[in-house]
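Protein chains in written order, with our numbering: chain D, 1 to 468; chain L, 1 to 399.
Any given hint could be a false lead.
Here are the simulated lysine-lysine pairs, DSBU-like style, with alpha carbons at most 30 Å apart [claimed, not checked]: (1) L/170 <-> D/290; (2) L/287 <-> L/11; (3) D/250 <-> L/233; (4) L/233 <-> D/364; (5) L/155 <-> L/11; (6) D/302 <-> L/155; (7) D/290 <-> D/363; (8) L/246 <-> D/302; (9) D/363 <-> D/302; (10) D/302 <-> L/229; (11) D/363 <-> L/160; (12) L/110 <-> L/122; (13) D/290 <-> D/302; (14) D/364 <-> D/197; (15) L/160 <-> L/229; (16) D/302 <-> D/197; (17) L/102 <-> D/363; (18) D/363 <-> D/250; (19) D/290 <-> D/364; (20) L/170 <-> D/364; (21) L/246 <-> L/229; (22) L/287 <-> D/250; (23) L/160 <-> L/170; (24) D/363 <-> L/233; (25) D/443 <-> L/246; (26) D/443 <-> D/290; (27) D/302 <-> L/160.
By construction, these hints were calculated from the structure, which means they are not laboratory data.
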Amino acid sequence: MILHRDDDPTRRPTLVETGDFHEVTDIITIPAETKPTATWVILLLMSLSLLSVMVGMIGYLFWEGTGVWGVNVPVGWGWAIVNFVWWIGIGHAGTLISAILFLFRQRWRTAINRFSEAMTIFAVMCAGIFPGIHVGRIWVIYFVFPIPNSMGVWPNFRSPLLWDVFAVSTYFTVSVLFWYMGLIPDLATFRDRATTKVRGFILSIFALGWRGSARHWQNYERAYLILAAISTPLVLSVHSIVSFDFAVSKVPGWHTTIFPPYFVAGAVFSGFALVETLLLIARQVFGLHKVVRMHHLDNMNKFMLLTGSLVGYAYGMELFIAWYSGNMYERFAFYNRALGEYWWSYWIMVSCNVIAPQLFWFKKIRFNIPIMFIITILINIGMWFERFVIVITLHADFLPSSWGYYRPTWVDIWTYIGTFGLFGTFFLLFLKYLPQLAIAEVKGVMPEANPHFGDDHHAPAGANAKGH
Amino acid sequence: MSKDNYRLNDKLGGGPIFLGAGVLGAVLCVVSFMQNRKDFFASYLTAFCFFLAISTGSFFFVFVQHLARSAWSVTIRRVSETVAANLPWMALLFIPVVLGGKDVLPWLDKNMMANDALVHMKHGYLNPTFLYIRLAAYFGLWTVFSLYFLRTSRKQDESKDPALTTQMGKVAAGAAAVFALSQTFFAFDWIMGLDPHWFSTMFGVYFFAGSVVLQYCFLILTSAALRRKTGRKDIFRTDHFHDAGKLLFGHNVFWTYIGFSQFFLIWYANMPEETLFFQHRAAGSWKFISLMLPWCHFAIPFLYLMSWHVKRNIVALSVGCVWLATMCYIDLYWLIQPNFHQAGAHFGLSDIASILAIGGFFLFLFIRRLNSANLIPSGDPRLADCLTYDNGVITNEQH
């Protein structure tokens, strides 16, 4: 029985449930080398359909203009910004797992880092769509970049929206580099196992001539450490700058100093939730149980408990200081959030983000796959509503005569649903054609990888995994 | 290797000197109180918050090690457990501040409570009864938890019972929740509350970030002293200093991030009720400190601590810790004293007296307690891992 095993404090969890390197290679490479299963094809077709819905909605938006959305006075930012922040938040767990957990020598990350890095990249792609299509005059979208032009028009460098452009594109670039660099040794494994010339040729290009020599590995490890150090500040900076979009303003409920770390905690929270949702499915479909073990899921659940509580702390501070400030507008904004016309969205947010993860205090729940699956989905619903609650604060602005009730249109809704098609398409292609888990790194955390393995004098059984 | 090899018989010295410093400081405090009450309370509160932050930061360190089931930190954890257990003594040292009443917290003035519109609006929170109930709760909870961790860990020295580690892991989860709220509201009540008009949701996090930096400075310096005293490089390993140094570096960047975000959002929105805080700190010589902190608390230590040569060199790392601890003091000075001295900073007798008094007693009590049991948690089941863990650095150093 899994429960109670870790009551022994000296126990070092077995991160991989096999002692055979070849088996690890097989677990990860075989899905990519066999014909796609029917489930995969059906899922891909569904994703492609949703993707085409998204393309259709965006085309319609370009044709008609942003009037087809529900945005209006006073809610000038509707679902588009909500979806942007939600997707970009999801894209945060990738770098946290790859970079920060790497720097903390958290070896359990090897089972999930590749997966979450890929998720990061696709989530950032989905996020990037919304500000892009929100500009209205799409033909002058190049204005978001500071490109010298004959009109002498420059973006406003003092606007957080411009900082977003830089923050998100830097984050995307570094995430892709990080992901790709980690892929190189595994692509070489794929290449070496290729049975057809075409496959071997293509993979040999992308494997960049990797031969696995000691010098290759040394360079690889060094580059990995440097990239990890470079991307660590990015985990904090991207969502801090996203939070600036709101917090630099004077809008009550938006302008509060805790926003940057609060947004970062929320982003990591939702990122972990979606990684776990997808991981639970992939683990089942591709049979990854020996590599993605309950220990990994347990740790992820604890992360969600921590970040969910941090988010709860931030909600509490916002409420308390709104009252403590004595500022009547600030007080009204929070009163209105909790008890005004949109009370339901506020309480969905609180129950999904603050209350639901508290269930992870119980070990039985952290080890129960169906319940954790439901909680991860609730968290992502809650995190979507968090952004909704923030944006919708606008519906009762400083001018009571303009107060209104915001409703999304069908175009808003289908554009959002359509982004799941984009995400799903890329994610399914990744699952099928690339190594889902970092083969070389998973092998590296197996006790058998220790040079002293089996040498009883130096390394008694169980004392091998020393990184914690 | 017998197990008694980890029962260290050496004692950390300096106790009587610190006691003497404490007594001298106490006398000087009385003198400075006679000279100028306002000066005294400003200085005393600053010094108090500095040493309190060492204890609460260490408390944070202890429960985080349990929550993360970390093995690397076992041998140096006793230092943090012991200094966190100074929290009950801190309650006694806080009595002068409480007696200061409206000389410390201006809103305790009956006149202000009745006539200041903002203070009046906050009466539900800013009232003396609730203030003292909260204060009792903070110190009560801190006492219970900090003594629990020290006592349980010491009990384990004898019993070697691994179940105690499991138990401490569970209590640590509750400690985390208690800590987050109690430290935040302590900072709201006794630092932010010095100016009852000003507010910031980030304030609790800012104080927390500084307290963790300070805690690592204290931990590294004390561990360095223990390494020198005991000569046990196999217990207080270079890897420990390296890793604690990394965490110090990381938390200092975190402090900067929090400080910058708070400043930046207030500066950008430029709303009078918030900018007042920085306005006060731009007056006279306060401006010099405001401009100095980003360089001396962040930029210089950032570059200095980045190299692992520094983090693995105990003397060099200790220099960095003394520097950063000084900066943490100046940071608290900058948070607290502009509320008392609007025209500019003036560091004087009362500041020196308060540091000597609180610091002297604080360190005396710490050393006495540290010496009264084994210097490391030798019964911790993760001790073996701690003594052999590998943080991935390949060097030619001789251990």
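The hints, checked one at a time:
A threshold of 30 Å between alpha carbons decides the hint, and for residue 170 of chain L with residue 290 of chain D the separation of about 28 Å falls inside it, so the pair holds. Taking the CA atoms of residue 287 of chain L and residue 11 of chain L, the gap is about 44 Å. The hint is violated against a cut of 30 Å. Straight-line distance between C-alpha atoms of residue 250 of chain D and residue 233 of chain L comes to about 56 Å, which puts the hinted pair past the 30 Å bound. With a C-alpha separation of about 42 Å, the suggested pair residue 233 of chain L and residue 364 of chain D falls outside the 30 Å cut-off, and the hint is violated.
A hinted pair counts as satisfied when its Cα atoms are at most 30 Å apart, and residue 155 of chain L with residue 11 of chain L qualifies at roughly 19 Å. Under the criterion of a C-alpha separation no larger than 30 Å, the hint pairing residue 302 of chain D with residue 155 of chain L is consistent with the structure, at around 28 Å. At most 30 Å may separate the alpha-carbon atoms for a hinted pair to count; residue 290 of chain D and residue 363 of chain D meet this at roughly 21 Å. Between residue 246 of chain L and residue 302 of chain D, the direct Cα distance comes to roughly 24 Å. Compliance with the 30 Å bound is thereby established for this hinted pair.
Our distance criterion of 30 Å between C-alpha atoms is met by residue 363 of chain D and residue 302 of chain D, whose separation comes to about 10 Å. Restraint check for residue 302 of chain D and residue 229 of chain L: not satisfied, since their Cα atoms lie roughly 39 Å apart, outside the 30 Å limit. Between residue 363 of chain D and residue 160 of chain L the alpha-carbon distance is near 25 Å, which keeps this suggested pair within the 30 Å criterion. Distance restraint check for residue 110 of chain L and residue 122 of chain L: the Cα-Cα separation of roughly 14 Å lies within the 30 Å cut-off, and the hinted pair is therefore satisfied.
Restraint check for residue 290 of chain D and residue 302 of chain D: satisfied, since their Cα atoms lie roughly 21 Å apart, inside the 30 Å limit. Only pairs whose Cα atoms come within 30 Å are accepted, and residue 364 of chain D paired with residue 197 of chain D is rejected, the gap being roughly 50 Å. A C-alpha spacing of about 25 Å is found between residue 160 of chain L and residue 229 of chain L, which places the hinted pair at or below 30 Å, so the restraint holds. For the hint linking residue 302 of chain D to residue 197 of chain D, the alpha-carbon distance of about 46 Å lies beyond 30 Å, and the restraint is violated.
In summary, the hint linking residue 102 of chain L to residue 363 of chain D is not supported, as the alpha carbons are separated by about 49 Å, beyond the 30 Å threshold. Straight-line distance between C-alpha atoms of residue 363 of chain D and residue 250 of chain D comes to about 43 Å, which puts the hinted pair past the 30 Å bound. Among the hinted pairs, residue 290 of chain D with residue 364 of chain D is consistent with the structure: their alpha-carbon atoms are about 21 Å apart, no more than 30 Å. With a C-alpha separation of about 15 Å, the suggested pair residue 170 of chain L and residue 364 of chain D falls inside the 30 Å cut-off, and the hint holds.
At most 30 Å may separate the alpha-carbon atoms for a hinted pair to count; residue 246 of chain L and residue 229 of chain L meet this at roughly 24 Å. Of the supplied pair hints, the one linking residue 287 of chain L and residue 250 of chain D holds, its CA atoms being roughly 26 Å apart against a limit of 30 Å. Restraint check for residue 160 of chain L and residue 170 of chain L: the C-alpha separation of about 18 Å stays at or below 30 Å, so the hint holds. Simply put, residue 363 of chain D and residue 233 of chain L have alpha-carbon atoms about 39 Å apart, too far for the 30 Å limit, and the pair is violated.
For the suggested pair residue 443 of chain D and residue 246 of chain L, the alpha carbons sit about 27 Å apart, so the restraint of at most 30 Å is met. Note on residue 443 of chain D and residue 290 of chain D: the hinted pairing holds, with a Cα-Cα distance of about 12 Å set against a maximum of 30 Å. A threshold of 30 Å between alpha carbons decides the hint, and for residue 302 of chain D with residue 160 of chain L the separation of about 28 Å falls inside it, so the pair holds.
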